[in-house]
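Visitor: Chains as they are written, first to last, in my numbering: chain C, 27 to 563; chain V, 7 to 208.
Everything labelled a hint here was simulated from the structure, so no lab data went into it.
Take the hints with a grain of salt, since some may be wrong.
[What the hints assert, rightly or not] One-sided and incomplete, this derived list gives chain V residues near chain C with beta-carbon spacing under 10 Å:
1. 21
2. 39
3. 41
4. 45
5. 62
6. 138
7. 142
8. 143
We put the CB at the ideal spot given by N, CA and C, even for glycine.
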Amino acid sequence: MSNGAATETMNVSFYEPKSILSWVLTTDHKRIGLMYLITISTFFLIAGGIAMLMRYELLTPESDFVSPHTYNVLFTLHGSIMVFFFIVPGVAASLGNFLIPLMIGARDVAFPKLNLGSYWIYLVGTIILLAALLQPADTGWTFYTPYSVKTGTDVILITFGVFVLGFSSILTGLNFIVTIHKLRAPGMTWDRLPLFIWSAYATSILQLLATPVVGITLLLLIAERTLDIGFFDPAKGGDPILFQNFFWFYSHPAVYIMVIPAFGIISEIIPVFSRKPIFGYKAIAYSSFAIAIISFFVWMHHMFVSGISQTAAAIFSFLTMLVAIPTAIKVFNWVATLYKGSISLESPMLYALSFIFLFTIGGLTGVYLGTLAVDVPLHDTYFVVAHMHYVMIGGTVFGFFGALHFWYPKWFGKMFNEAVAKLAWFLIFVGFNVTFFPQFFLGVEGMPRRYASYPPQFQTLHEISTYGSWILGLGIFIMTVNLIAGVIGGKKAPQNPYNSLSLEWQVPSPPPHENFHEIPTVTDWTYGYGKKSKTEA
Amino acid sequence: MDSTVASHAEEHHELDPVVEYESSKLGMWLFLGTEILLFGGLFAAYAIYRARYPEMFAEQHRELDVWFGTINTFILLFSSFTMAMAVWSIQKGKQTRTVIFMLITIICGLAFGINKYFEYAEDFHKHLYPQTSIFYALYYLMTGLHMIHVFVGLTILSVITYLTHKGKFNENYNTPIEVGGLYWHLVDVIWIYLFPLLYLIA
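Bound-form chain V, shown alone (with noise of 0.2 Å):
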């Protein structure tokens, strides 16, 4: 009896649809902030140390692959196109091109982490680890940390991907899809600035 108070008063109420998708673009923005500055502080670290120690910075990249890390830029920016297609998608109200679209961007993502698992393995058989040297230190915490980014942005997507398929969005209201887009780009936009600073150290 008493419960059912509670979910009738939770029930009435919602809030006005605009003012969520304001609410819910706000809240991204201001997370994907953090997000930034978060790595800014492994980007001030690499800034003070590639200073301090210039020729090795420029020594050690060169023990890297450098085809693994374009490769993955591509695909990612790739990436970040399919899933601006899927927003536009939706905002037409095409469901099942939404979902081709996801899943691409997915995709996509899975191929990333495949291929940086393969970058890692090559590392790890030429000996270059994180003990190794400052530069490496950083270019796997750098690398490590947009990993798990990676990851929880697959996770994001999938669910929606997921809803969508269910039917849940429209024209009319795709708020979540539009906000996991943007946890996405900022993926794609980090390792826009992780790629040249490690792989193509002048």
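In isolation and in its complexed conformation, chain C is listed as follows (with noise of 0.2 Å):
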């Protein structure tokens, strides 16, 4: 599909070199891509360990392993940090500084230095995180008022750590999109670039355009906390729903900023792994955007019963399932990208089949709490969380564990354990569906969410969501290692272990400094797999 793509040996690795001030100072995307990586990753073992202390305490109905007060601790903990510090920034930021440059035939992002600059951004909001554990706050991480203006716990610390990784996001979305834009290598048109570049695309937008709103409104949390005014206080004449509508006009596109790169991912995945062009190019491409669009526009559903007007309620009711369209639209491109496909299930082809699989039931069930009338009993119950675990789980992080298994031989020039990734993949997949599927029964049952107790009928759910989650903490523990113990002692991996026809696994693994020799010229899209060539969906 391109010519001019070195092959021949050429520069160094850019792991070279090693010194720690190269890597504080680097401006290569592939090594800022790592970085975040790494921070994500940590962060993400973190938080999933908080929550399997939540767990923990959840297996009895008493609240007896912590506190009311530190399980209030644990799950707002929980949630900022898989939230704004692993999901949000984390997914979009390290694969796609990694890939868009490799994937559009670049040599580096358009602003290097600010690049950098965003991730070291970054790593000060969680420093100020870090500060902000001394006296953790205990609102969830809506951070609704008026709590969060009267809890005596630290609000301002990581609401404000919030507000700076709100810079990083934006920053690291105009460089997304401005490298999109103008550096594409030659041949490189629109309707030839990776669906992954489509949904970065998608995602960085998104992050332009909503992460300023949040930022404004912790401004004014922080505001109200510090300076003693109203506006969200009705006993000073301002509004709490005022808050609420403000934090999910973010928040909301923000679960889009979660999952749109999850999108891509699984749209480069399926083709490899099937041996077939991706079935309705152009549609996948679109519906990001459509799904973008649309994400402005639903936001009061997280609202139904905080008081909006029934018109309201009813109108964001049916903008809600809206989503749903080019939701689906995506999810069937995929299954007809497998149809008749030469389907080879290697550990990412796992990641991304369990992707479909969870991420349509966790689409669906945001349909049912879309419905004005099924949300209203269902709201804050165990629904609502096992809904949302199932698409930010089992879509984003099984998109994102996908990711790393099939970009690690390009990433780090080295193979994991094949076996041991068929293992920890089967014991996450069990593990999730064990922990989060009974949520849905406890919330239908009435089971209010945010409590460290619970009456005894609930405990023979509870307990198997609990033993799912060792199940799941495991897995994840052992694909930890295999991935860990492939970087360290694992098999020199080749240019293009899973014969792809995308640009980056066209360079050595790990590719080196400024990705090409010579920049290639792009002759075809990125999907002609099984066929000679093929230029249109």
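Starting from the two chains in their separate frames, assemble the complex, guided by the hints.
Guide: Have a look at this one:
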């Protein structure tokens, strides 16, 4: 599909030189991506560990392992770290940084120094969060007023940390948009772009449009606490619902910042392991934008029981269901790509197939919750918790794990143990479902979220869920060890172990500095599997 | 030895100047968009509370001294003009003239800050604080956030002026001046909206 991509021996790998300073001051997108990957993975493991503690507390109806206040702190930390430190900035920034220039045939992003700046701003945000742990907040990750104004715990530091992260997010998104617009290799036209790039582009737009709004919202919250003003305080003429409106105006699009990169990952993995061109290229590419646009007009479905008008609730219920259309378009196209494909079930593909299965459950339960009449009884129950985790873990995290296994040989130049990877996938898949599927039933039976204790009749389902979390934890542990062991002792990876046609596989593993010996000229799209040449979907 | 490899690689393959110029401009326009959205949250809060409490807004804004705001509006408008002149001058390759226009712009920015300082002092003297009412909370947050942008703009302009003075820019390469100028114009534009919203309520 491309000529001129150098396969001959050329520059040194991007891991050279190895000095610490060369990493701290690097402007190489691959190194910055790797630093993001390590940081977000660390936070993922920490926040996952916190979730295990919460599940352990829920093994018995009484609040006996931790105090209710500690439990509140734990779910606040779990949510805040997972959302703001792992899933929002991480998946897009780590994989996006590594892949975007390689996939479009560029030497780096448009603003390499700004890119490094984004990473360091991100790190400053995480340090602020760690400082906030001295008096950890107990508000939940949504920081709802008026409680977040009144609680004695430290809301200011943690929200300020999130505010700083927002800067990082905005600058990364800006960098990616300009990169995709201006640095594509000759011949890399918009209708030849890999779908991961389309999804990264849609994600970046969301980051630019939504993040400033949460920034100002958190600033208002900080001002409310420090200056004693009354924007969100009814006693002073303010409106607590305004905070929820502002917050979800960001945080619902943010859900798609989290999951759209995973759509891109799945669109890359499935054709390679089906040996078939992607089905419905344009439909998949444009549906990301449809999702991005609609996502700005659904935020009130988080507030159906907050005291909004019935008219508004009905309108937002309808708009919410619209999101299902472009999302379903993607799922159907992935399945159509599989149809009559020559499917090989290697670990990245196992994650991709699990994604389709689990994300569909997550997505469809989202339609239940978007339905006004159904949402009212299910609101703030475990049904929401289960739905949310089916989308975030079953969707984003499975996509992320799939990407880790898929691009691992390229990134690290080594291979992991495939048999262990499959075992880990099996444990993660089973553990995840055992943990979260019972929570749908818990929710329907009326178990509210965010409580450390519960009536005894819920105990069996809670026990199953907790046992599941142990299987899930074991699976993630084995996967982590396997991936780290591969870096240390794995055998050397070939340039293109999965026979992908995408540009990043046409350079050595790991790629050299500046990626391409000579900028390639692209003559065809990325998905011409099983045929000599194919230009249009 | 290793570092020579890296620096060797980094020195090669500079971006094409045209691509770099277009990238920088696109990047700055996108950033300005996010700035407007940041203020957008405050404008939305303003709209909601003004619709809810029209009498309070109409009454309380009279306490503000409209002269401070008017003078500052003219100062900023003038500074936008001198900024545009600076960009025009460097495009003609006139470095000294560019530095002079940049310095005038910076002085205007400082004058804006000083004027605002006296205005805040008078407000405090009249016991107008952020917690006085939602109107004043909005007033202080909007003008305060704008003030932060003025300071950021002044820092950017100072660095660019110094670099111009050092001869870094000419008619062929002046992207930082143009992009920095865009930012300064945004600072001006936001004030153009703040002024009537806060001082000139009918």
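Visitor: Indicate, hint by hint, whether the structure satisfies it.
Guide: These are the hints, each one checked on the structure:
The restraint placing residue 21(V) at the interface with chain C holds, with a minimum CB-CB distance near 8 Å, inside the 10 Å limit. Interface hint at residue 39(V): satisfied, since its Cβ lies 7 Å from the closest Cβ of chain C, which is below the 10 Å cut-off. The beta carbon of residue 41(V) is positioned within 10 Å of a beta carbon in chain C (closest approach about 7 Å), and the interface hint is therefore held. Interface restraint check: residue 45(V) against chain C, minimum CB-CB distance 8 Å, threshold 10 Å, status holds.
The beta carbon of residue 62(V) is positioned within 10 Å of a beta carbon in chain C (closest approach about 8 Å), and the interface hint is therefore held. A cut of 10 Å between beta carbons decides the hint on residue 138(V): the least distance to chain C is about 9 Å, and the hint holds. Contact between residue 142(V) and chain C, as hinted, is supported at the beta carbon level, the nearest pair being about 8 Å apart and thus within 10 Å. Interface restraint check: residue 143(V) against chain C, minimum CB-CB distance 4 Å, threshold 10 Å, status holds.
The earlier numbered hints are all upheld by this structure, with none contradicted.
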